[in-house]
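Enquirer: With these hints in hand, go ahead and build the complete structure from the sequences.
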Amino acid sequence: MRIVVQEEPFDLGAEAEAFAASRSDMGAIVTFTGVVRDLSGKDLEVMEIEHYPGMTEKAVEKIASEAAQRWSLGDVLVIHRYGRLVPGDRIMMVATAAPHRRDAFEAADFLMDYLKSRAPFWKKEHTAATAGWVAAKDEDEDALSRW
Amino acid sequence: MDILYFAWVRERIGLPKERVTTKAATVAELVTELRAREDRYAAAFADLSALRVAVDQELTDFDASLEGAREVAFFPPMTGG
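First to last, the protein sequences are chains C and B.
So in my numbering, the last spot in the first sequence is 153, and the numbers never skip.
So in my numbering, the last spot in the second sequence is 516, and the numbers never skip.
Be careful, since some hints might not be right.
Capping the alpha-carbon separation at 25 Å, the derived lysine-lysine pairs in BS3-like fashion look like this [unchecked claim]:
#	chain 1	residue 1	chain 2	residue 2
1	C	K64	C	K122
2	C	K64	C	K143
3	B	K452	C	K130
4	C	K130	C	K143
5	C	K143	C	K68
6	B	K458	C	K122
Hints are computed from structural coordinates only; laboratory data are not their basis.
Expert: What follows is the structure in structure tokens.
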């Protein structure tokens, strides 16, 4: 299990390659990558991500450990960035390795749902004219009840 | 103990961290003390349903005990991922 919280960009290809190469007894590797996007058409210039150093790492470790208990996993990787990102930048990635694909997919989905609402990150959108904190969505909280 | 604020709570109160001396037994009692300080605190803590709290870096509730607590953090619902 590897948890990384960092400001600098990560190399998706190199991380996925290293993760996949780490185990030969896993039949399924799932990776998910979160990207800064401007869906609201507000001309997003910067996505600022704040976090709670210390608690962030603990909270993500707890979520990853929970996933490892619930599914048959060989390994888990979570990388989450903070700081000022621009549209197209990769914010975060999760990767799961499991003997079978269903465990790998479900664990990755679980990790994403929990990282969204239980890891102490906050997003602020900056356009040329405005800046505002992204509000948590009820559906993100509701998504936790799936698990 | 140290009190930390994040995101719009930090901006509304105007600082990321402060050290306070308190006899508050619970988070709710601490909030009552903070609200009474100044308007900016009263504004930040006006609606507790819009806030989350962590004691010693663990998410908890407003009725949580502060016994032995070293660090309390207030912030809006998280938006990671």
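Enquirer: Give a verdict on every hint.
Expert: Going through the hints against the structure:
1. K64/C <-> K122/C: Holds - the C-alpha atoms of K122/C and K64/C are around 15 Å apart, at most 25 Å.
2. K64/C <-> K143/C: holds (23 Å)
3. K452/B <-> K130/C: holds (19 Å)
4. K130/C <-> K143/C: holds (14 Å)
5. K143/C <-> K68/C: Holds - the C-alpha atoms of K68/C and K143/C are around 22 Å apart, at most 25 Å.
6. K458/B <-> K122/C: violated (34 Å)
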